[in-house]
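Participant: Letter by letter, the chains look like this.
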Amino acid sequence: MNSIFSGTRLRDMIRSIRACKTAAEERGVVRKECADIRASINENDPHDRHRNLAKLMFIHMLGYPTHFGQMECLKLIASPGFPEKRIGYLGLMLLLDERQEVLMLVTNSLKQDLNHTNQYVVGLALCALGNICSAEMARDLAPEVERLIQFRDPNIRKKAALCSTRIVRKVPDLAENFINAASSLLKEKHHGVLITGVQLCYELCTINDEALEYFRKKCTEGLIKTLKDITNSAYQPEYDVAGITDPFLHIRLLKLLRVLGHGDADASDLMTDILAQVATKTESNKNAGNAVLYECVETIMAIEDTSSLRVLAINILGRFLSNRDNNIRYVALNMLMKAIAFDDQAVQRHRVTILECVKDPDASIRKRALELVSLLVNENNVKQLTKELIDYLEISDEDFKEDLSAKICSIVEKFSLEKIWYIDQMLKVLSEAGKFVKDDVWHALIVVISNASELHGYTVRALYKAVLTYSEQETLVRVAIWCIGEYGDLLVNNVGMLGIEDPITVTESDAVDVVEDAITRHNSDMTTKAMALVALLKLSSRFPSISERIKDTIVKQKGSLLLEMQQRAIEFNSIVDRHKNIRSSLVERMPVLDEATFNVRRAGSLPASVSTMAKPSVSIPNGVAAAPLVDLLDLGSDDIMAAPSSSGADFLQDLLGVDLGSSSVQSGATPGPKAGADLLMDILSIGTPSPAQNNTSSVDLLSTAGINNNPSNALDTLSSPALPHIATTASAGGMFDLLDGLTPSPSKEATNGPAYPPIVAYESSTLKIEFTFSKSSGNPQETNVQATFINLSPNTFTYFIFQAAVPKFLQLHLDPASSNTLPASGNITQNLRVTNSQHGKKSLVMRMRIGYKVNGKDVLEEGQINNFPRGL
Amino acid sequence: SDISILSLQIRFILLQNRQGKTRLAKYYVPLEESEKHKVEYEVHRLVVNRDSKFTNFVEFRTHKVIYRRYAGLFFSLCVDITDNELAYLECIHLFVEILDHFFSNVCELDLVFNFHKVYLILDEFILAGELQETSKRAIIERMSELEKLE
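Chains as they are written, first to last, in this note's numbering: chain A, 1 to 872; chain B, 1 to 150.
Since the hints were made in silico from the structure, they are not lab data. Only a predicted model underlies this, so the values are computations on that prediction, with no experimental measurement involved. Careful, some of the hints might be misleading.
To be verified - Here are a few chain B residues that sit away from chain A, every Cβ distance over 10 angstroms (derived from the structure):
(1) 42
(2) 46
(3) 63
(4) 72
(5) 96
(6) 107
(7) 113
(8) 127
Claimed, not checked - Stretches of chain A that chain B covers, calculated by requiring three or more beta carbons in the stretch to come under 8 angstroms of a beta carbon on chain B:
(9) 190 to 198
(10) 281 to 293
Here a beta-carbon is modelled for each residue, glycine too, at the ideal position from N, C-alpha and C.
Whole structure, please, built from the sequences with the hints as guidance.
Facilitator: So this is what it looks like as structure tokens:
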């Protein structure tokens, strides 16, 4: 390769390629070179082969295809000279890999070269074999390689050891053959051979239990001594890195000891001294030392328990946390998360440092630290930790606020001790990071507030104060508006003052100011504005003295460009104007929201439909929510149909009058009833369910009953089922008539109706796959499939992967499986989504392939699934 | 306790410059050419944009990549998620030291025009995804022995 010929020409080619200014130019140069090379190959002149291959390798590195050069590699390898062989093997490793059939042709050359008299040639062969051999080649040449492990030259021994590592990876059955040779390597003095020997033993131990047993019994003590020697050795310039003699060898030895000690008390016992020594004596001011310490900690955690060692290990991690190098902090956090499982106490001691890491400039460290902190929270430290986290929330980066606030909320909810503490923390979070807080979180807050009747006054006052300062936090504003609407009277009259409170003076006008602000502020969204309108309606009853002003505000919204606001305004205005007598009962204090039901619903995204509705009561006294609470709840849930991700929170949305998400005009796939108007209608049990389109103008609901000035008549008429149906915005579907006991419009769950029977998609003696089907609403082309994989064998499958391919008219989406490990007679599930663009014309069909490992062997099962039910 | 004790090895080693040109690509697991190109593209994108204040480890598919930048070159190693990151940082550094010694103050151009030698050096340092030699001196010596045979 250093001959004048190839050196110059190769360099020239490289130069001319580098001189190209555009991709097209480069392609041109490469094309010409390839043409020359091809021509040269055809001439079969051995002279140029060497140089040609070198050029091809460079071209390959640029990303161009070079298959035509593969045979040249073979010819060069078969040549007698060392330089030819060398470039031939190099080319082989670059241009081919184990999956290519061409590689098999090299086996013979390899065999010869492994037996070559020139040890450098032997080295070439071992290198190539060790880097790219296939399982077959491994099997063929294993005996050769095994023999070479004991060759006189250490360079060969090293290479043979690592080559063997690959061989046993490819063909685990052969592991036994290498045990003896490998153990002899452990006695080596040459570092290179020793480290390769250690690695080979490690490999053998992980794939073969007998090997593990053997090494554990026979070699543990020797390895410990080796580690001791190297730890205590004098300065060796050749191997020294930052004061440590061959840290790589340290690390490999520690890894091997880990395998030997894991699960075996005796072996673990033997190593405690050396582990303690490494843990305490290793210098940790440079990366090399820390790398060794890290490995030492991993080993301590993996072997059988000696709590003093574990404490030592965790202390090392604690020190890592304060290291300036963020790499070190990162690995420490990772390990601490694992360590918590063993020794929560020990990790707790480092809580303060971990908390500091939550404030780290590096985002991935912050994230991990936050995870870790949340694992450390318990009843004793939750208050302190929450305070620290909230304090940090105030100054943290915007992009971290979301994660941080979500974490704080989940901690607060999980550990909420006293309601007042919970409310206080939530208010702080909402004030700092309200815009990141998810709907279900602030809904939950409202549920709690509603249930804490002794705190209503305190809460509404706190919210009032907060919203004056943090009016840009949308969620805070919403919660505040709801509370002011509900408990406005408590606010202005300082009712229910707690000892810790300072009295504040809030006039009715002040309170209404806040609510009005929410409507008029330009960056309020629909939900907030609509909630504000409802609050105003409530306040018009609670604050009769400024009812006129409130009415004016409502009237102004009649001209709103937002349909929802317009409608609400018109309806509320009508109530304020003409139906003062029932107004107060309409907006009476909300009944306490049922926490238990809310939590259950929220926890499991309940199918929205309730199959039976509560029986209506026929007589409705005075419009008060006479129906038992559970009816109201069922009401809400029945009305929710659309969003597949509907959760229990939706029912709360309805009660709050907030579900303004979709204004879909189609019936049947509609969200819950809108706004206060629907809520009122529910409470009054009026209105017929009708999946009507957005029909007639927003008619005043009560006036359609033809009532003029006769209030009592109104009520009577209300109870009649003969009411014409009331226009609402599109969501009419789902309105209930408690009186008539009409069934709700079919929920989306019902559209699942024509049940597609589950199928056995595949069955072999070892594996069974079942598919169950469901349709998502709204899109007949889409089918959700839940695949269940059942292990029929008595062995555990690991690294289980399911792959599927479908024809072009189908689209397939796979969710991650529930697990990659399938225990004997166990099962795992995985969800798929198939979209059939030829729905109705062509049935589903799928080819699938399953890969897994059992007893160290790779297994592949394939099949085609033709028995999908028709019509999917 | 479930410490997973797996077969741990280096899966591939990449040397790329800031523009994404691959100066060395050694794979210890089989991948199609097109897959290799995708990998190289993805890894480059991952490492080239990372601020120096971030860690030298980045998750890559189901593994992780340990990387370090030396002048205009990114040295990346792909290893198992559970493996010792700090150790591989040392590994990268040792490799760079060897190159530096062999080429006397190595620069990118050295690696371009002598790419075949870079592979030879690598093959004396790592084999089958495992460490073959930890002495810089030993590797340099071996290289000069081999050069004499050419």
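Participant: Among all the numbered hints in the text so far, which are the ones the structure does not match?
Facilitator: Hints 7, 8 not satisfied by this model.
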